[in-house]
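S.K.: From first to last, the protein sequence lines are chains R and H. What the first sequence shows, in our numbering, is residues 1 to 428, in sequence order. What the second sequence shows, in our numbering, is residues 1001 to 1259, in sequence order.
Some clues are possibly wrong.
[As the list claims (entries may be wrong)] Per label pair, the in silico range of CB-to-CB distance:
| no. | chain 1 | residue 1 | chain 2 | residue 2 | range |
| --- | --- | --- | --- | --- | --- |
| 1 | H | Thr1052 | R | Gly118 | 23 to 31 Å |
| 2 | R | Val234 | H | Val1162 | 58 to 66 Å |
| 3 | H | Asn1157 | R | Asp330 | 30 to 38 Å |
| 4 | H | Lys1254 | R | Ala337 | 37 to 45 Å |
| 5 | H | Pro1161 | R | Lys178 | 37 to 45 Å |
| 6 | R | Lys297 | H | Lys1253 | 52 to 60 Å |
| 7 | H | Asn1157 | R | Gln226 | 54 to 62 Å |
| 8 | R | Gly130 | H | Arg1173 | 26 to 34 Å |
| 9 | R | Asp399 | H | Asp1105 | 36 to 44 Å |
[What the hints assert, rightly or not] Here are the simulated DSSO-like cross-link-like pairs (lysine-lysine), alpha carbons at most 27 Å apart as the crow flies:
| no. | chain 1 | residue 1 | chain 2 | residue 2 |
| --- | --- | --- | --- | --- |
| 10 | R | Lys141 | H | Lys1229 |
| 11 | H | Lys1109 | R | Lys239 |
| 12 | R | Lys361 | H | Lys1254 |
| 13 | H | Lys1237 | H | Lys1197 |
| 14 | H | Lys1197 | R | Lys167 |
| 15 | R | Lys361 | R | Lys239 |
| 16 | R | Lys128 | H | Lys1029 |
| 17 | R | Lys359 | R | Lys383 |
| 18 | H | Lys1175 | R | Lys141 |
| 19 | R | Lys328 | R | Lys83 |
| 20 | R | Lys141 | R | Lys280 |
| 21 | R | Lys241 | H | Lys1109 |
| 22 | H | Lys1102 | R | Lys361 |
| 23 | R | Lys338 | H | Lys1237 |
| 24 | R | Lys359 | H | Lys1102 |
| 25 | H | Lys1109 | R | Lys361 |
| 26 | H | Lys1109 | R | Lys48 |
| 27 | H | Lys1110 | R | Lys359 |
| 28 | R | Lys167 | R | Lys326 |
| 29 | R | Lys335 | H | Lys1229 |
| 30 | R | Lys335 | H | Lys1183 |
| 31 | H | Lys1073 | H | Lys1215 |
| 32 | R | Lys83 | H | Lys1183 |
| 33 | R | Lys359 | H | Lys1237 |
| 34 | R | Lys28 | R | Lys87 |
| 35 | R | Lys335 | R | Lys361 |
| 36 | H | Lys1237 | R | Lys335 |
| 37 | H | Lys1237 | H | Lys1254 |
| 38 | H | Lys1029 | R | Lys48 |
| 39 | R | Lys361 | H | Lys1110 |
| 40 | R | Lys260 | R | Lys28 |
The set of hints was computed from the structure by calculation and includes no laboratory data. Here a beta-carbon is modelled for each residue, glycine too, at the ideal position from N, C-alpha and C.
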Amino acid sequence: MREIIVEPLARVEGEGGITVRLDGNKIKDVHFDIFEGTRLIETLVIGKRPEEDVSIACRICAICTISHRYAALRGLEKALGIKVHEKTQLLRNLMHLGELIESNSLHVYVLALPDFLGYPNAIAMAEKYGDEVMGALSLKKFGNHIMQVTGGRMIHGENPTVGGFGKYPDKATLLAIKEEAQKQLAFAQAGAGIVGGLEIPDFFDEETVYMCCEPGNGSYGIAGDQIRISDGSVVDVNKYKSLTNEQFCAHSAAKHCLYKGKPYSVGALARMVNLGERLKGSAGDLYKKYYTDRWKKNPVFNNLAQAIELVWALEMIPGTVDQLLKIKDDPEIVKPAKTEGEGVGAVEAPRGTLYHHYKMKDGLVAEANFIIPTGQNLEDVEKYMRKAVEGLVAQGADDDAIRFQCEIIARAYDPCISCSTHLVKIER
Amino acid sequence: MSQEKKNVGLYGFTGCNGDQLVIIHSEDKLLEFFQTANIKSFSLAKSDNDDTELDIAFVEGSISNQEQAKHVKEIRERSKFLVALGNCACYGGVQAMELGAKGWDERFKKVYGDGFFENRTPIESKPIDVFVDVDFYLPGCPVDATQFFYCYAHFLNDDLPVFPDYPVCAECRWKENDCLLLKGVLCLGPLTAAGCKAACPSHNLPCVGCWGPMKEANVSAEFELLKEKGFSVEEIKRRFRMHGGSAMMKPLKKILGVL
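Please build the complete structure, drawing on both the sequences and the hints.
M.R.: Spelled out as structure tokens, the structure:
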């Protein structure tokens, strides 16, 4: 028996690992292990006020804190009959773009790219690729700045609250963000070129199903009340359980998800496969330049999808700022219209579709269910790692080569392990 | 200045990784951070990690399974100075808001059913000082970058930082914000350790207490004040416990008798 173990899996958020067990040339197991400790967050939000819930729920994850907060807000506001002001919605769009810039630039350039260029980390990479690393850090800093301005703090800011914002940024701050977005665009475009030039082996290519939010209006986007699936169907978010079908798995503190009995993927690649044709501007040009049928078959293209999304996000900011500035007065926080109800909020976290489902009673959370992108991707991560191991074993590859390829696949999904654990629920 | 670079390790247990991320998010200081010490272990940022003798270990996250308890003890054994980094390591974080109250087994069952893990033995989340001696507590959810680098510079020079012993209220006053408590809002500013520069009250929103209580916090006085303002005991307790973790257990038990 040959056993190849990666533990911990570095340059991912949270505590995870990979286990490959081989019997001669036969594969016994390929596991993506989730070791992250259990926090039982879904049970802790019970009995809490909506604003307390968002303060707890965002802390599931520091990288996608805004997505968790935003999904919670969407779910809670539906349940409580709150309709937010147009200016609130615009500032939420901006904060969500800020997080995508922070998270995608961190993942593509700091966590994933070192593998392809042969370095253990981005700092070591800086010796030869100084401009690229400094450019990526500057882009990430800009994303962080937007999160700081809109959220009130860079991580777990309380400013986006139920019914609105505590405070709106002033005109000068917003104009500076618009200007900086335009400045950052050149690096994002050049960066997509670097990632687009990387060679991705095809020996583990295989079709899968892709899911993402349908933003509506024929546009590219990262939130919506419907889910678009690559088989052509569009499903209301209230029916999310029929799409995700979670099941317990003994080597993982995160439950695995299946769609119609099959693995599926969420994330930037899913968004590009389902919505990429809608991209305009230079993001659209990059999509046309690089998109091929292989994107539907190989998760490593997620890195390039994220790099192109960075261009999209930067190109969205000037228009969003202009619209925000047209509305002079800051709206009051909208109070709940009722104290009982149910709501599902879905957003695209940088690493895929995130659902927060709430039932409210007497103004307090009575039930909560969260479905996390990484949990949805786990089956596909293992499917592709298994296929890659099969291919490598047939080629007579050594343990290091197998380990390295599995890491590249797992990391390509931009897994968020803090998020994905303990967010599993047994339905009986 | 010391002649040789210190060996430093960063470790993450159960939490959101926000404290390590605060360091990664300090773009302008990141290269310097990696150059001023030998960063032996930082698994969120790099893959060539080395579990060696350390001058300083930073530990983020709460301990939520027996394997982590063993690991944090192992880190302690090879570290001269150990820092609890962030609210989860210091007090247990939001996942420790029901610490001391019964019901963890039931809650665990509600989420995972009868499923068992083949590789980990879960326990209720606890702060790291339940398992190891801690040399310095650096609170925050997540920690503040300025506070972190201020402390870090002191540690590198074998010195202990002077840490604020005043509450968020002080920072809030320096910013000349209107007092939310006076407006009848349940704000934890008077209890909470400073360091966030009064982030939430500066956005017209109450302090949620995410730095944990400051050392000399007068918990019972704030409890009485909020009761006078018409908040129920249940609500006050809930707010105090949300981010207070282990640090709120003793004072609340003294006031209420039970948790």
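S.K.: Does lysine 1029(H) sit within 27 Å of lysine 128(R), going by the straight-line distance between their CA atoms?
M.R.: Given that 27 Å is the threshold and the Cα spacing comes to 19 Å, the pair holds.
S.K.: Quick one, are lysine 361(R) and lysine 1254(H) close enough, alpha carbons at most 27 Å?
M.R.: The given pair, whose Cα atoms are some 31 Å apart, is violated under the 27 Å limit.
S.K.: Keeping to a limit of 27 Å between CA atoms, is the pair of lysine 359(R) and lysine 1102(H) held or broken?
M.R.: Holds, because 24 Å separates the two Cα atoms, which is no more than 27 Å.
S.K.: With respect to the beta-carbon atoms only, verify the hint that asparagine 1157(H) and aspartate 330(R) lie 30 to 38 Å apart.
M.R.: Distance hint for asparagine 1157(H), aspartate 330(R) is violated at roughly 46 Å.
S.K.: Are lysine 1254(H) and alanine 337(R) spaced within 37 to 45 Å by their CB atoms?
M.R.: The hint (37 to 45 Å, Cβ to Cβ) holds, given that lysine 1254(H) and alanine 337(R) are roughly 41 Å apart.
S.K.: Determine whether the Cβ-Cβ distance between asparagine 1157(H) and glutamine 226(R) falls within the hinted range of 54 to 62 Å.
M.R.: 57 Å, holds
S.K.: Just to be careful, I want the Cα atoms of lysine 1029(H) and lysine 48(R) compared with a cutoff of 27 Å; is the pair within it?
M.R.: 39 Å, violated
S.K.: For the pair supplied as a hint, lysine 359(R) and lysine 383(R), confirm whether the alpha-carbon distance does not exceed 27 Å.
M.R.: Judged against 27 Å, a Cα distance of about 35 Å means the pair is violated.
S.K.: Do the alpha carbons of lysine 1237(H) and lysine 1254(H) lie within 27 Å of each other, as the hint requires?
M.R.: The hint holds at about 12 Å.
S.K.: Are the Cα atoms of lysine 1102(H) and lysine 361(R) separated by 27 Å or less?
M.R.: 24 Å, holds
S.K.: CA of lysine 335(R) to CA of lysine 1229(H), is that 27 Å or under?
M.R.: 21 Å, holds
S.K.: For lysine 1237(H) and lysine 335(R), compute the direct alpha-carbon distance and say whether it is at most 27 Å.
M.R.: It holds: about 24 Å lies between the C-alpha atoms, which stays within 27 Å.
Consistency note: the structure conflicts with the earlier hints numbered 3, 8, 10, 12, 17, 34, 38.
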